[in-house]
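J.: As a plain string of letters, each chain reads:
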Amino acid sequence: MAIDLDTDYWDKDVVRSEEPKEYNTLNVGPTHPATHGVFQNVMLMDGEFIVSTEQTIGYIHRAFEKIAERRPFYQITPLTDRLNYCSSPINNMGWHMTVEKLLGIETPKRVDYLRIVIMELARIADHIICNSVIGVDSGALTGFTYIFQDREYIYEIYEEICGARLTTNMGRIGGFERNFSDKAWTKIRHFLKTFPAHLKEFETLLARNRIFMDRTINVGPFPADRALAYGFTGPNLRACGVDYDVRVMNPYCSYEEFDFIVPIGQNGDTYDRFMVRQEEMKQSMHIIEQAIAKLDKMEDKETYYASDPRFVLPPKEKVYNNMEALIWHFKIVMGETDIPVGEVYHCVEAANGELGFYLVSDGGRTPSRLHFRRPCFIFYQAYPEMVKGNMLSDAILTMSSMNVIAGELDA
Amino acid sequence: MFPIIPERNQLVVSKLIDQFGDAIESHELLKDMLCITVSKEVIHEVLLFLRDEKEMQFNFLTTLCGMHYPEKEQLGVVYHLHSFVNNHRIRIKTATDIKNPVFATATTIWPAANWMERETYDFYGILFEGHPNLVRILNMDDMTDFPMRKEFPLEDQTREDKDDSMFGR
Amino acid sequence: MSENQKQIDKPTVAEPPEGVSGQGFFATSFEKAVGLARKNSLWPLPFATSCCGIEFMATMGAHYDLARFGSERLSFSPRQSDLLMVMGTVAKKMGPVLREVYIQMAEPKWVIAVGACASSGGIFDTYSVMQGIDRVIPVDVYVPGCPPRPEQIIDGLMKIQELAGNESLRRRHSQEYEDLMKKYEIE
Numbered sequence: 366m367a368i369d370l371d372t373d374y375w376d377k378d379v380v381r382s383e384e385p386k387e388y389n390t391l392n393v394g395p396t397h398p399a400t401h402g403v404f405q406n407v408m409l410m411d412g413e414f415i416v417s418t419e420q421t422i423g424y425i426h427r428a429f430e431k432i433a434e435r436r437p438f439y440q441i442t443p444l445t446d447r448l449n450y451c452s453s454p455i456n457n458m459g460w461h462m463t464v465e466k467l468l469g470i471e472t473p474k475r476v477d478y479l480r481i482v483i484m485e486l487a488r489i490a491d492h493i494i495c496n497s498v499i500g501v502d503s504g505a506l507t508g509f510t511y512i513f514q515d516r517e518y519i520y521e522i523y524e525e526i527c528g529a530r531l532t533t534n535m536g537r538i539g540g541f542e543r544n545f546s547d548k549a550w551t552k553i554r555h556f557l558k559t560f561p562a563h564l565k566e567f568e569t570l571l572a573r574n575r576i577f578m579d580r581t582i583n584v585g586p587f588p589a590d591r592a593l594a595y596g597f598t599g600p601n602l603r604a605c606g607v608d609y610d611v612r613v614m615n616p617y618c619s620y621e622e623f624d625f626i627v628p629i630g631q632n633g634d635t636y637d638r639f640m641v642r643q644e645e646m647k648q649s650m651h652i653i654e655q656a657i658a659k660l661d662k663m664e665d666k667e668t669y670y671a672s673d674p675r676f677v678l679p680p681k682e683k684v685y686n687n688m689e690a691l692i693w694h695f696k697i698v699m700g701e702t703d704i705p706v707g708e709v710y711h712c713v714e715a716a717n718g719e720l721g722f723y724l725v726s727d728g729g730r731t732p733s734r735l736h737f738r739r740p741c742f743i744f745y746q747a748y749p750e751m752v753k754g755n756m757l758s759d760a761i762l763t764m765s766s767m768n769v770i771a772g773e774l775d776a
Numbered sequence: 007m008f009p010i011i012p013e014r015n016q017l018v019v020s021k022l023i024d025q026f027g028d029a030i031e032s033h034e035l036l037k038d039m040l041c042i043t044v045s046k047e048v049i050h051e052v053l054l055f056l057r058d059e060k061e062m063q064f065n066f067l068t069t070l071c072g073m074h075y076p077e078k079e080q081l082g083v084v085y086h087l088h089s090f091v092n093n094h095r096i097r098i099k100t101a102t103d104i105k106n107p108v109f110a111t112a113t114t115i116w117p118a119a120n121w122m123e124r125e126t127y128d129f130y131g132i133l134f135e136g137h138p139n140l141v142r143i144l145n146m147d148d149m150t151d152f153p154m155r156k157e158f159p160l161e162d163q164t165r166e167d168k169d170d171s172m173f174g175r
Numbered sequence: 011m012s013e014n015q016k017q018i019d020k021p022t023v024a025e026p027p028e029g030v031s032g033q034g035f036f037a038t039s040f041e042k043a044v045g046l047a048r049k050n051s052l053w054p055l056p057f058a059t060s061c062c063g064i065e066f067m068a069t070m071g072a073h074y075d076l077a078r079f080g081s082e083r084l085s086f087s088p089r090q091s092d093l094l095m096v097m098g099t100v101a102k103k104m105g106p107v108l109r110e111v112y113i114q115m116a117e118p119k120w121v122i123a124v125g126a127c128a129s130s131g132g133i134f135d136t137y138s139v140m141q142g143i144d145r146v147i148p149v150d151v152y153v154p155g156c157p158p159r160p161e162q163i164i165d166g167l168m169k170i171q172e173l174a175g176n177e178s179l180r181r182r183h184s185q186e187y188e189d190l191m192k193k194y195e196i197e
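Chains as they are written, first to last, in the working numbering: chain A, 366 to 776; chain B, 7 to 175; chain C, 11 to 197.
Hints should not be assumed to be uniformly reliable.
Said to hold, decoys possible - Computed cross-link-like contacts, DSS-like style, restricted to lysine-lysine with a CA-CA straight-line distance of at most 25 Å:
1) 105(B) with 60(B)
2) 431(A) with 168(B)
3) 431(A) with 156(B)
4) 156(B) with 102(C)
To be verified - Pairwise CB distance ranges, derived in the manner of DEER restraints:
5) 135(B) with 631(A): 36 to 42 Å
6) 504(A) with 106(C): 30 to 36 Å
7) 416(A) with 76(B): 41 to 47 Å
8) 557(A) with 154(C): 32 to 38 Å
9) 563(A) with 108(B): 54 to 60 Å
10) 154(C) with 146(B): 26 to 32 Å
11) 89(C) with 412(A): 24 to 30 Å
To be verified - A few chain B residues that don't get close to chain A, going by computed Cβ distances all over 10 Å:
12) 28
13) 29
14) 38
15) 78
16) 79
17) 105
18) 127
Simulated from the structure, these hints should not be mistaken for laboratory data.
Glycine included, C-beta positions come from ideal geometry on N, C-alpha and C.
Please construct the entire structure, taking both the sequences and the accompanying hints into account.
T.: Laid out in structure tokens, this is it:
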């Protein structure tokens with residue numbers, strides 16, 4: 366709990382000395398087991414309580430925005446993978462949707478539903494990491510080993526669809542590179558059947574655990590108006606009580622046809638963030654079930670890309686057999702297509718909040734300017750305000766419950 | 007696509023022009039977002055007006071980024087604002103001469119702009135008057151160049167093991 | 011079927027090194043005994059900076075258990091670890107930090123560069139990324155991949171085990187090793 370260092374005191378009978386307080390400096394990071402990624406906090410401590418903290422980031426600055434000015438649109442997808450690498454498919458799909466907005470491509474409904482299935486799986490994967498690591502940071506290592514098995518299962522699903530486990534580079538501008546195989550569907554259905562039980566098991570370890578609750582309730586609370594002023598989005602904002610979800614407010618990719626609850630918390634402390642993410646995982650399962658039901662009802666089970674030959678890379682079977690597809694493939698890869706001049710901003714609900722892409726094109730093969738609106742970068746600014754007056758161990762838990770990913774922080 | 011509400015866009019433009027007159031240089035609807043260019047002297051007042059005016063209430067700064075226009079020799083800043091009350095998004099642009107790029111800070115309006123402006127300074131060299139701590143944030147502190155400007159090369163110039171001709175540069 | 015059963019029932023032990031054995035004793039050279047002990051208890055320091063760190067978390071998990079190779083205890087303190095596993099991109103800003111961590115480790119120490127970014131800069135050929143950690147510290151094993159599969163990371167660890175098991179006791183005091191340290195300006 367936060368105390369006021371000037372007025373509160375533990376034991377009212379102790380006579381306070383008149384000597385001035387001595388603070389000492391503690392350097393947390395950049396290499397530290399609790400910081401998930403490389404960022405540094407130099408904390409000024411009054412004993413065990415934190416007076417102020419100074420942050421240094423940039424230890425993994427890889428100049429994504431500069432690299433993006435040199436790559437054609439389809440080569441920027443691997444860069445977006447490495448933003449929030451715990452849930453790469455969401456970043457990939459968000460980027461593809463931005464480019465589709467610029468080029469004016471309409472994706473068919475089947476592609477939208479397939480994208481939703483993948484994005485919700487990625488959201489579950491990211492929340493698995495965040496919640497299990499909150500447990501690890503408070504000393505509960507068992508939950509981590511149990512629930513990571515499900516993340517391995519999600520990796521197997523990704524491998525069936527795109528071939529890679531973590532940095533997926535999934536999908537194309539306009540759809541996917543291949544239709545989902547039957548094995549992928551079997552695995553997705555199996556996951557839907559088995560994951561709820563595992564999640565329940567993980568939840569019983571922590572959610573009503575006396576020790577965990579004592580360590581996380583009222584730790585790092587943040588009022589909703591300050592959170593909005595600091596640009597919070599995603600589960601951190603929803604834990605403060607504001608129900609802002611990009612999927613509901615500005616629906617993209619046919620999300621308006623789906624029925625799901627947006628969970629919110631009360632006072633924005635660590636326990637609320639943990640429980641909001643737990644509930645979001647259950648809602649993601651619900652969305653995937655609805656998407657599979659819609660896909661089963663559709664007669665068309667073959668479309669997996671938009672049919673706009675000017676910008677959408679044709680599938681390889683057509684390229685090797687059909688003359689027009691070969692020519693279009695050549696033109697798109699070599700950059701002979703007419704990219705329209707313009708600028709767009711598109712945002713998706715990533716696992717950490719609103720991930721936005723501001724793309725400015727001047728007609729060339731590569732963007733003229735690409736700016737990523739990275740949620741981690743924006744909400745991490747509020748960390749000094751959140752931990753002021755708290756104890757060091759509470760500050761560590763606050764940091765891990767905010768789910769700061771270094772790749773997204775620095776880009 | 008964001009919902010395009012013509013009355014709302016018209017309301018924002020007319021209120022801004024009523025309040026600031028000629029300082030609003032141009033406005034247009036690009037794809038699905040209203041994009042307004044203002045001159046740099048009034049940018050702080052424009053942002054404050056957009057946040058506080060009852061019928062607009064742009065309470066959320068989505069993002070802030072810098073731009074380099076080499077042919078006009080200008081550096082610019084682009085703000086994306088979002089009004090939760092009306093579900094309306096707009097884009098505000100300003101630009102100024104590259105030799106003296108100074109803008110008023112937005113940190114007093116939204117504290118979220120703090121690190122965003124530091125990043126813009128780090129990448130482009132744009133100075134923000136009134137910013138509490140305008141130092142480099144992502145690059146190394148002893149760097150003297152501004153790497154996102156168009157003339158700065160992407161690759162590390164001190165490496166000697168990669169042959170440019172083989173790598174297509 | 012019965013042979014498989016025998017293999018399951020009988021526990022497997024590590025291969026003994028060359029030596030002379032007799033009634034109640036086994037004599038081998040000191041190097042080999044020390045090598046056997048070291049290679050089966052390498053305590054890693056996971057210097058995880060980015061995406062490869064998440065693959066390392068998967069390697070540490072129950073599916074691709076790294077603990078069965080003796081790397082049970084991850085130490086985040088350099089003073090108590092043997093193996094520095096650098097996983098992920100190392101930016102130029104991070105270089106001095108990496109050097110300090112390496113210098114604080116006690117001999118014998120090994121370094122494994124996991125991933126393309128740690129080995130050579132990876133896909134990020136930019137002004138801010140160090141093109142390979144072997145610009146600041148000497149590296150023993152490079153594991154390519156972006157990110158490498160957990161099986162590859164385990165393969166890298168097994169190669170380090172080979173190195174540790176066959177290392178001469180005098181290697182860390184030899185002229186060659188001192189020249190290597192001098193090249194990196196590490197005292």
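J.: If any of the earlier hints don't hold here, list their numbers in rising order.
T.: 1 and 14
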